[in-house]
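As you go down the protein sequences, you meet chains A and B in turn.
Read in order, the letters of the first sequence correspond to residues 0 to 108 in numbering that gives the first Met the number 0.
Read in order, the letters of the second sequence correspond to residues 0 to 88 in numbering that gives the first Met the number 0.
Honestly, the hints are just simulated from the structure, not real lab data.
Be careful, since some hints might not be right.
The calculated lysine-lysine pairs, modelled on BS3-like cross-linking and capped at a C-alpha distance of 25 Å, are [claimed, not checked]:
1. B:Lys75 to B:Lys48
2. A:Lys96 to B:Lys86
3. A:Lys96 to B:Lys75
4. B:Lys46 to A:Lys62
5. A:Lys21 to B:Lys46
6. A:Lys21 to B:Lys75
7. B:Lys12 to A:Lys21
For clarity, every value in this text was computed on a predicted model and none was experimentally measured.
The residues making up each chain are set out below.
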Amino acid sequence: MADVNEWIESVVKDNDVVLFMKGTPEAPQCGFSSRLTQILGHMQVPYQGINVLESGTLREGIKAYTNWPTIPQLYVKGEFVGGCDIVTEMFQNGELKKTMEAGGVAVEA
Amino acid sequence: MSLGPVGLEMERKLTERFSPVELSVIDESHHHAGHSGARPDGESHFKVKITADAFTGQSLVQCHRMINETLAEELKERVHALSIQAKAP
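From just these sequences and the hints, can you work out the full model?
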């Protein structure tokens, strides 16, 4: 699993905003993942979507990496922000925009 | 909709761990029938609304981690999705 951890670490460090999700940004396979793609789409934030359904190792690896039992998971500037509930709540109360901007990520809405 | 054995056990564990001011465990499995992770006998998708002193001064991620740890057994074996609304009183 060391390789998976290294891979995840490089992805979240090399991309400002990363969403580990079920399916792709164009075709989410789960309602919770879909909700976060809609939020990021609404904010017009460029992000890297990673489909965990492509690899069982990745799917389990990301849960272990963050010690977080569910998917989707959002990372900004290498930091875990939250899962579906937290990101939704942060979007609604404006905290998500602040987190993005604090990380130097341009937000449109 | 009244809770089944899994929901009741979750309610018991959360009550024991947090002595919450407010707690509701809601079985939303019927909304997800036929989706991936849904089970024929239900009790796969839950929502927890909880207000407890333990969450004072904690970030949302920390609050959710505390709840996830408390329900680790259920999340591992049985429950496909858990939606959490946690706050301090």
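To see whether the hints hold, each was checked on the structure:
Taking the CA atoms of lysine 75 of chain B and lysine 48 of chain B, the gap is near 20 Å; set against the 25 Å cutoff, the hint holds. Taking the CA atoms of lysine 96 of chain A and lysine 86 of chain B, the gap is near 21 Å; set against the 25 Å cutoff, the hint holds. Note on lysine 96 of chain A and lysine 75 of chain B: the hinted pairing is violated, with a Cα-Cα distance of about 32 Å set against a maximum of 25 Å. Restraint check: the Cα-Cα separation between lysine 46 of chain B and lysine 62 of chain A comes to about 20 Å, which is no more than 25 Å; the hinted pair holds.
The suggested pairing of lysine 21 of chain A with lysine 46 of chain B holds, with an alpha-carbon distance near 20 Å, which does not exceed 25 Å. For the proposed pair lysine 21 of chain A and lysine 75 of chain B, the alpha carbon gap of about 18 Å is at most 25 Å, so the pair holds. Restraint check: the Cα-Cα separation between lysine 12 of chain B and lysine 21 of chain A comes to about 29 Å, which exceeds 25 Å; the hinted pair is violated.
Figure legend: structure checked against the earlier numbered hints; hints not met, in rising order: 3, 7.
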